[in-house]
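Heads up: the sequence lines are chains A and B, in that order. Read the first sequence against the working numbering and you will find it ends at 134, with the numbers running on by one and no gaps. Read the second sequence against the working numbering and you will find it ends at 687, with the numbers running on by one and no gaps.
No lab work stands behind these hints, which were simulated from the structure alone. Just so you know, not all the hints are guaranteed correct.
Stated by the list, open to error - Capping the alpha-carbon separation at 25 angstroms, the derived lysine to any residue pairs in SDA-like fashion look like this: (1) A/Lys121 to B/Leu594; (2) B/Lys609 to A/Glu38; (3) B/Lys609 to A/His68; (4) B/Lys609 to A/Ala104.
What the hints assert, rightly or not - Per the computed footprint, the stretches of chain A lying under chain B, defined by three or more beta-carbons under 8 angstroms from a beta-carbon of chain B, are: (5) 57-65; (6) 120-134.
As the list claims (entries may be wrong) - Far from chain A, some chain B residues (derived; all Cβ distances over 10 angstroms): (7) Val579; (8) Gln597; (9) Gly621; (10) Lys623; (11) Asp633; (12) Leu636; (13) Thr643; (14) Glu655; (15) Asp656; (16) Thr685; (17) Leu687.
Note that beta-carbon positions come from the ideal geometry of N, C-alpha and C, so glycine has one too.
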Amino acid sequence: SQQGEEDPQALSIQEGENATMNCSYKTSINNLQWYRQNSGRGLVHLILIRSNEREKHSGRLRVTLDTSKKSSSLLITASRAADTASYFCATDSGNTGKLIFGQGTTLQVKP
Amino acid sequence: GAVVSQHPSRVICKSGTSVKIECRSLDFQATTMFWYRQFPKQSLMLMATSNEGSKATYEQGVEKDKFLINHASLTLSTLTVTSAHPEDSSFYICSANGGSGRGAADTQYFGPGTRLTVL
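Chain A on its own, in the form it takes in the complex (with noise of 0.2 angstroms):
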C-alpha cells in the first residue's frame, strides 16, 4: 500500500530554476528516504532525515521534514536537465528497512 502522496505529480521548469516536491504520509515515521530513478533505471538514494530532524542539506539538495504535518519537502536549487528523472519519497515506519514509497514526481528540466 502507498504511505502517502506526492505533489505534483509532474513538473516542468527551465535549467537554472528551483523545483520544489512535496510528500505527505500517514503513520509515524522513524525515517524518510529521497530516491531519484532515471526512466527504466533502478533507484538512486538521495537523502535520508530522520524524525528528529527538520531539515538536511546535500549539494544542490535540501530536505524539510514537517512530522506534526506529516510532510516533508524536497528542494533542488540550480537545476540542470540532468536532473530530469523522477522522484520519489519514501518512509520507514519501523526502521526495518521496509520502504512505503509515495507516488512520486516526474521532473523535466528545459535546456
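We have chain A; now place chain B onto it with these hints.
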C-alpha cells in the same frame, strides 16, 4: 557505497513458464532484503521481505505461492515468478539494508531492477 546487483536485467518469457530473478549484495552482508514491483509510470510497491534462513514475509495481496522467495545466504535472495502470465509483466527491484558491513545502517541499497515481459 554498497552495491546490489540483479540478474537478469531483462527477461522475456512465454506465459506459463517460471522465471527466477537473483538479487546479490556484492560487498556487504544483508540478513534482510526486500522485493518491490513497479508497473509503468507508477511507484514501487513492496511485495515481500526476504529474511536469510527463514520464510519471507509477504505484503497483503501478494500471492506467496506465485512469488517464491528464497534467501539462502547473506548475500543472495531469489524471487521466482511461477507460472508467469502477461499481467505479471513488470519491473522487479530488490533492495538490501546496509546494516552489516559497508554502507549506512539505515540506508537501503537498491538493485538496478529486472524488466520482466511475459508474452
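A quick look at each hint next to the structure:
1. A/Lys121 to B/Leu594: holds, 20 angstroms
2. B/Lys609 to A/Glu38: holds, 24 angstroms
3. B/Lys609 to A/His68: holds, 19 angstroms
4. B/Lys609 to A/Ala104: Distance of about 20 angstroms is within 25 angstroms: holds.
5. 57-65: Three-residue rule met by the stretch 57-65 of chain A, so holds; n is 4.
6. 120-134: Coverage by chain B holds here, the residue count being 8 at a Cβ distance below 8 angstroms.
7. Val579: Holds: least Cβ distance 14 angstroms, greater than 10 angstroms.
8. Gln597: holds, 14 angstroms
9. Gly621: At about 17 angstroms from chain A, B/Gly621 clears the 10 angstroms cut-off, so the statement holds.
10. Lys623: holds, 16 angstroms
11. Asp633: holds, 21 angstroms
12. Leu636: holds, 20 angstroms
13. Thr643: holds, 16 angstroms
14. Glu655: holds, 19 angstroms
15. Asp656: B/Asp656 is indeed farther than 10 angstroms from all Cβ atoms of chain A, at 18 angstroms.
16. Thr685: holds, 12 angstroms
17. Leu687: holds, 19 angstroms
Checked against the numbered hints above, the structure violates none of them.
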